[in-house]
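Visitor: Single-letter residue listing:
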Amino acid sequence: MDSKIRIMIVDDEMIVRQSLLTWFKKYGHEVDTAASGMEALKKLEQKPFQVMFVDIKMPGMDGLELLEKVKQDDPDIMVVIITAYGSIESAVKAMRTGASDYLLKPFKPDQLSLVMERILCQQKITQEYQYLKGHLEQITRFDNIIGQSSPMKQLYAMIPEVAQSDASVLITGETGTGKELVARAIHAKSLRAELPFVAINCGALPDTLMESELFGHKKGAFTGATHARKGFLEIVSGGTLFLDEIGDISPKMQVDLLRVLEDKQVFSVGSETPVAVDFRLVSATRHHLEDRIRKEAFREDFYYRINVIKIRLPSLRERKDDIALLARHFMEKYSHETTKTVDRITQDAVRLLTSYDWPGNVRELENAVERAVVLSKSRTLTAGDFSFLQPARTAGPRAQTLKAVQKEHILRVLDEQDWHITRSAEILGINRATLHKIIKRDQLKKDR
Amino acid sequence: MTQQIGVVPVGEVPALVLKVIAANITACYRCPAVVLPKRPVPESAFDDRRNQYDAGIIIQQLGAWNFPDCSKIVGVTSLDIFIPIFNYAYGYAVQGGDLSMISLFRLNRNADGSLPPPSLFYERAAKVALHELGHLFSLFHCHETQCIMHFSGAITDLDKIPFYLCPDCERRLPP
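Residue numbers (the working numbering), protein chains in the order written: chain A, 1 to 448; chain B, 1 to 175.
Source of the hints: derived by calculation from the structure; they are not laboratory data.
We put the beta carbon where it would ideally sit given N, CA and C, even for glycine.
Among these hints, one or two may not hold up.
As the list claims (entries may be wrong) - Listed next, the stretches of chain B that the computed footprint assigns to chain A, with coverage defined by at least 3 CB atoms under 8 Å from CB atoms of chain A:
hint, region
1, 81 to 87
2, 109 to 123
Stated by the list, open to error - With the C-beta cut set under 8 Å, the calculated list includes, among others, these residues of chain A facing chain B:
hint, residue
3, S19
4, L20
5, R423
6, I427
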């Protein structure tokens, strides 16, 4: 028999459990039994079941209460109510709560057989649905970027168009929004897809090392240069160079890179012979570079060279609709990686995740779900599994004065806009002078 | 003779039907089957609320009797048997066990209430015995309608299935 399913029989009468167990085993199904609703719920926490046969009259939690709880946690489980005390009311209630069928004990063998046939048919439809859902998920995913919110759909539409051109791209967005994923997607969709994608985190490298990494060096160019080494600008030949955190590079490096972009050739450290290079530049930053230009920390000419096409990635706060989808995706990912069966997440947990601010964006959400999966003792992630999220970050009413809330909000907007006064004032709906006054009055200060 | 199958009448059972069952077992499972002496119906098996006999209790009693020369037993009764969750049962066997039970009670009536010819009645008895014995050989219910292991919940279904195993079930039979 090829359609084996996992069945749980819940009945306080041992003889009924035993009879049904014997019966279903004759079909080769995987069968388990529980003598009470509580025992059934405990077993469900340990292992998923596809079908449950549940008696109505049981001491403690009755079958209808169990049905309700089971359906709340997992609407896909099919529950067949069995009872020796049938009434129209209980049958109607059971079916309204989501029971798949209702059988009066004792029943004819072919009645049970028919119910099972219907269930197997429904299972097949469910499997087809899951398959199609998987396809739909592929539609909501774009080269590992996940989301179906409106800003993400705009992004999905933009990436293939951007990929076709060879112009420099600047990706902006808060930390953890997936800037490198977008860069990789642009590369994958471009004509350079078969050639290397080289990613360098400019923020992580000191200037001297950065120079050597990008341009390479000749043997003996500096102390420790025991042999010649090609730089990434040469290695990337024909591919895409991704410079992450480009806002952190020094003015000298900006000049050097600007020259490379204009001349399409590099001089490795200690060499006077130019080497022709061909690459597409994709850069990313979490800073507002315009602000840095004003402070003369970033060169305007370099900025315009790297910013031919600008893509702004939304923060997770701006696409809260995607949080449930992302949480489920990470739950599946880490459940698979840790080989733990964690395949359900309660509505309360989703609500908690949605109300959280996620300053670290998708990366923080991924870490939170990973931690919850690793520490979870059951197959269901509950709000309790995310209790480590700082409550101060979750939205909702708090015992604060209006003034304190106003101060907190202004500070948050300023931080989000990297203290760009004009943009912050626009968002807050006040003029620049007023914002300056508030900053002075409330002694608001930048975090770093 | 560890592979011998014992056919045990429990209460009054026509001798001919027992012989038909034994002959079909030998033909289908290619192992000898013998008709053993009659055993009494255990009184405790009778359920006066249902006016039927509990197949589980009869099987328990079959286990208590000793059949040293047989590896598996098919008990046959003319009484109406039941399994607690079902209204009635044509037969009962524990998957992979040694003991099974079949009832002739409902085999001697057609779906419309008429009497079947004796040959059809014997056929039905043999089919139920072969089916339950299949469970003792660890065979599951089979989707294939042309297989003795296909489940028959009603007499009309029983009349449609053949006397033999489908190739898949045949392969699954222990050597």
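Visitor: Taking the earlier hints as the rules, which of them does this structure contradict?
Guide: Failing hints, ascending: 2, 5, 6.
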